[in-house]
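Visitor: Go by the hints and put chain D onto chain F.
This is what each chain is made of:
There are 2 protein chains.
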Amino acid sequence: MVKRIVDILRNGQPEESVTVQGWVRTKRESKEFAFLEVNDGSSMANLQIVLNQDLPNYAEVIKQLNTGASVEIAGVLVPSLGKGQRIELKAQTVKVYGEADPESYPLQKKRHSFEFLRTIGHLRSRTNSFGAVFRIRNACSYAIHQFFQERGFLWIHTPIISASDCEGAGEMFTVTSLNLRNVPRTEAQEVDYSQDFFGRPAYLTVSGQLEAEVMAMAFSNVYTFGPTFRAENSNTSRHLAEFWMVEPEMAFCDLEGDMDLAEAFLKHIFKYVMETCHEDMEFFNQRIDNSVLATAENIINNQFERLTYTDAIALLEKTDQTFEYPVKWGLDLQSEHERYLAEEVFKKPVILTDYPTEIKAFYMRLNDDEKTVRAMDILAPKIGEIIGGSQREERLEVLQRRIEAQGLNPADYWWYLDLRRYGTVPHAGFGLGFERLVQFMTGMGNIRDVIPFPRAPLTVDF
Amino acid sequence: MVKRIVDILRNGQPEESVTVQGWVRTKRESKEFAFLEVNDGSSMANLQIVLNQDLPNYAEVIKQLNTGASVEIAGVLVPSLGKGQRIELKAQTVKVYGEADPESYPLQKKRHSFEFLRTIGHLRSRTNSFGAVFRIRNACSYAIHQFFQERGFLWIHTPIISASDCEGAGEMFTVTSLNLRNVPRTEAQEVDYSQDFFGRPAYLTVSGQLEAEVMAMAFSNVYTFGPTFRAENSNTSRHLAEFWMVEPEMAFCDLEGDMDLAEAFLKHIFKYVMETCHEDMEFFNQRIDNSVLATAENIINNQFERLTYTDAIALLEKTDQTFEYPVKWGLDLQSEHERYLAEEVFKKPVILTDYPTEIKAFYMRLNDDEKTVRAMDILAPKIGEIIGGSQREERLEVLQRRIEAQGLNPADYWWYLDLRRYGTVPHAGFGLGFERLVQFMTGMGNIRDVIPFPRAPLTVDF
Numbered sequence: 001m002v003k004r005i006v007d008i009l010r011n012g013q014p015e016e017s018v019t020v021q022g023w024v025r026t027k028r029e030s031k032e033f034a035f036l037e038v039n040d041g042s043s044m045a046n047l048q049i050v051l052n053q054d055l056p057n058y059a060e061v062i063k064q065l066n067t068g069a070s071v072e073i074a075g076v077l078v079p080s081l082g083k084g085q086r087i088e089l090k091a092q093t094v095k096v097y098g099e100a101d102p103e104s105y106p107l108q109k110k111r112h113s114f115e116f117l118r119t120i121g122h123l124r125s126r127t128n129s130f131g132a133v134f135r136i137r138n139a140c141s142y143a144i145h146q147f148f149q150e151r152g153f154l155w156i157h158t159p160i161i162s163a164s165d166c167e168g169a170g171e172m173f174t175v176t177s178l179n180l181r182n183v184p185r186t187e188a189q190e191v192d193y194s195q196d197f198f199g200r201p202a203y204l205t206v207s208g209q210l211e212a213e214v215m216a217m218a219f220s221n222v223y224t225f226g227p228t229f230r231a232e233n234s235n236t237s238r239h240l241a242e243f244w245m246v247e248p249e250m251a252f253c254d255l256e257g258d259m260d261l262a263e264a265f266l267k268h269i270f271k272y273v274m275e276t277c278h279e280d281m282e283f284f285n286q287r288i289d290n291s292v293l294a295t296a297e298n299i300i301n302n303q304f305e306r307l308t309y310t311d312a313i314a315l316l317e318k319t320d321q322t323f324e325y326p327v328k329w330g331l332d333l334q335s336e337h338e339r340y341l342a343e344e345v346f347k348k349p350v351i352l353t354d355y356p357t358e359i360k361a362f363y364m365r366l367n368d369d370e371k372t373v374r375a376m377d378i379l380a381p382k383i384g385e386i387i388g389g390s391q392r393e394e395r396l397e398v399l400q401r402r403i404e405a406q407g408l409n410p411a412d413y414w415w416y417l418d419l420r421r422y423g424t425v426p427h428a429g430f431g432l433g434f435e436r437l438v439q440f441m442t443g444m445g446n447i448r449d450v451i452p453f454p455r456a457p458l459t460v461d462f
Numbered sequence: 001m002v003k004r005i006v007d008i009l010r011n012g013q014p015e016e017s018v019t020v021q022g023w024v025r026t027k028r029e030s031k032e033f034a035f036l037e038v039n040d041g042s043s044m045a046n047l048q049i050v051l052n053q054d055l056p057n058y059a060e061v062i063k064q065l066n067t068g069a070s071v072e073i074a075g076v077l078v079p080s081l082g083k084g085q086r087i088e089l090k091a092q093t094v095k096v097y098g099e100a101d102p103e104s105y106p107l108q109k110k111r112h113s114f115e116f117l118r119t120i121g122h123l124r125s126r127t128n129s130f131g132a133v134f135r136i137r138n139a140c141s142y143a144i145h146q147f148f149q150e151r152g153f154l155w156i157h158t159p160i161i162s163a164s165d166c167e168g169a170g171e172m173f174t175v176t177s178l179n180l181r182n183v184p185r186t187e188a189q190e191v192d193y194s195q196d197f198f199g200r201p202a203y204l205t206v207s208g209q210l211e212a213e214v215m216a217m218a219f220s221n222v223y224t225f226g227p228t229f230r231a232e233n234s235n236t237s238r239h240l241a242e243f244w245m246v247e248p249e250m251a252f253c254d255l256e257g258d259m260d261l262a263e264a265f266l267k268h269i270f271k272y273v274m275e276t277c278h279e280d281m282e283f284f285n286q287r288i289d290n291s292v293l294a295t296a297e298n299i300i301n302n303q304f305e306r307l308t309y310t311d312a313i314a315l316l317e318k319t320d321q322t323f324e325y326p327v328k329w330g331l332d333l334q335s336e337h338e339r340y341l342a343e344e345v346f347k348k349p350v351i352l353t354d355y356p357t358e359i360k361a362f363y364m365r366l367n368d369d370e371k372t373v374r375a376m377d378i379l380a381p382k383i384g385e386i387i388g389g390s391q392r393e394e395r396l397e398v399l400q401r402r403i404e405a406q407g408l409n410p411a412d413y414w415w416y417l418d419l420r421r422y423g424t425v426p427h428a429g430f431g432l433g434f435e436r437l438v439q440f441m442t443g444m445g446n447i448r449d450v451i452p453f454p455r456a457p458l459t460v461d462f
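So the protein sequences, as listed, match chains F and D. Reminder that position 154 of the first sequence reads as 154 in the UniProt record's numbering, one-by-one numbering, no gaps. Reminder that position 313 of the second sequence reads as 313 in the UniProt record's numbering, one-by-one numbering, no gaps.
Just so you know, the hints here were simulated from the structure itself, not pulled from any lab data. Honestly, I wouldn't trust all of these hints.
Same chains, same names: a pair is fine if it fits in one copy or spans any two.
What the hints assert, rightly or not - With a straight-line cut-off of 30 Å between C-alpha atoms, the simulated DSS-like cross-links for lysine-lysine are: (1) K95 <-> K371; (2) K3 <-> K271; (3) K109 <-> K90; (4) K3 <-> K267; (5) K83 <-> K31; (6) K3 <-> K90; (7) K318 <-> K360; (8) K318 <-> K382; (9) K31 <-> K109.
Only chain F is shown next, with the shape it has when bound in the complex:
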């Protein structure tokens, strides 16, 4: 019976007959035996396989069984004498599906730099590091769905192609069916969008929030989980042109409820990953960042600290710590400030609230002081801001005023304003950058290494 290696390693019993299918990681030959390490992607650990010379096709297959070759091996489980494994497979039949020429197959048994592995994005998932990253990425994804579905939230598929710019900011990619070699013109020499697919300019979305608000006004609790885009020309280890976002939106909810949900949400994801991918997490702790397990425990076990932006500024102004960027009420916090608060002052995640109106988006609810809005950011040790959210402005007149104050045209937001015209309610939500979460979880330094096929300036391979 074909079994996944993860199941064999966990539950396989001596004398059990099993068949495994996977790829050879290493081969060692001794006088009478050969040992293979075979991996099928179901776990970090390989299954050790013992090939005896009296296998009928031993001479033939042993030449084919190089690193990367694909095999199906049937045999009997036996207790392992070697260290590091409880059980191994004594092969009775070996079938090689596909070889991997050791002269040209790039993944030979040695350490490769992440930079090099990015150039072979179609093969890098076959390494220990990327195997672990994408198993953890999957576990985070499913934990997110579980969390919301158990609470009665609906997953909403908000549109990727959009004619509006949610935040009134952010550089956007254009989506067009026009031929770039020959863009049609109107008599006034403008682009003739009447010939374009949508009849007007269209872009890749930067956020599903406004549409999520639409749906929250019908279903009370919803969330998005999908790709979003920035055409920002930032060739850094922190930016992607295409990345996944999670954006819950709750009707009849204020900022307190928003913070409660966000905290429970992060704890749930970390718990789920620690339970289902513990071996992968230990790998990262050993090889990549020896604080990831402690950080996970910190998130799971501590109540997040909550304080206002104003109090945080006062606190940062009092400290002896020197910062590269200035600290002053009204200025946005930099990563160094955020990390200082989370790592040095509170030594756990911190939720800052009530930011200055000027540095936050128009849709955030204005406080009575008119100087601050009901925004919140969750700052995590090691990474800084991981979640940003707010209570939304549900008052029609205030929202109109704030749209105008930002130089935007209220007419463009007619449908968003309608939500305040008809049955408006207090509501709130937040956004989680999914790749930032996976980085935070694994300690991986470059955001391009936590998404299967990264898109960035001049980078659109595979």
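Guide: Using the frame of chain F, we list chain D on its own:
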């Protein structure tokens, strides 16, 4: 304690104190009482609320409580004397968050056409029909994740922006950061892509399959579930420019395994929806299509019929039925043929296999007869093709030959071919058009009515 209406209707007990938050659907006034129907999106059914004239703010709130107004009502549950409900809420306090002016609010108590509701996509989810559609859409989505996660498949996020065209067909949207008013040119008067974000032409993906194959070669079993795009100028009730697809990919799997998985997959989704959204399904059966419940039972309870394309053609040629389109070996089947097989001949889902090479994609595994490929389509009563899949060509030389035969350049597929160079294995997968599934499930006639914010020619609102 705030409770969701779905939970109150299911489990609420007389004398229980509860608070509900939602939107008024209707109001009826009698001499001494007013009755409200309130909905919070958690279920099709409303909660009936009784307002007594001795409520302190009765005169004030009764004027505000029009259709669409948002409310928070606290009170005590009492057995209902009216028909159609077990329990109702006797209000003790009523708070109106937001009114909805009956003069301008478009969703008054009467039936609206789906055409009209499409023009108010930001409000239509507040109707019974769209409430039911999007609850079912969510249930299908979660059932899909559950199905694969329980079987150890990893959810893979394949890229949206792509430089390659998976199927060598399909019209694609261009993604660019260039200014369309002033597209830069090279000396040869070509588009100067060196100034574009990715340094070369980029498109919106038409399928994640090739990337899913990459990941299956590392993790054995994976699936995608995300948006895909077609720039086809089809202004019909069956086409969207942006739609969601599910694409599992399994290493060490042949077409038999592919069909087994696809059949189990469809059965699982229908079962899950029938269990979790039965009230919504009954609504569709009563109001939209009186066969949807029978169709769901048919899918769940019948073993799908399997036969070859060649046998299906023979069968269609023999029948007395007249068709609009010709039936002949080598031609693709039309919807009328597919439905005839599923509805008239077998009266259940049918899986056709081994289609002519010429009408299928280059990556499908060539049979020994060289005239057919190991493709399969699942044909469902009422809708025709719902799933299309194949065993993939894993033999390097055959794949190269087929790429060339289709006039494509093997150099563009270097990484896809590498999967056959290094540890190639038999593998298979399929694609499910997610909106087609939701249409099939609900009986909704227009595909634009099963996705929250449809994108189609000249349609990019909200």
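Visitor: Flag every earlier hint the structure violates by its number, smallest first.
Guide: none
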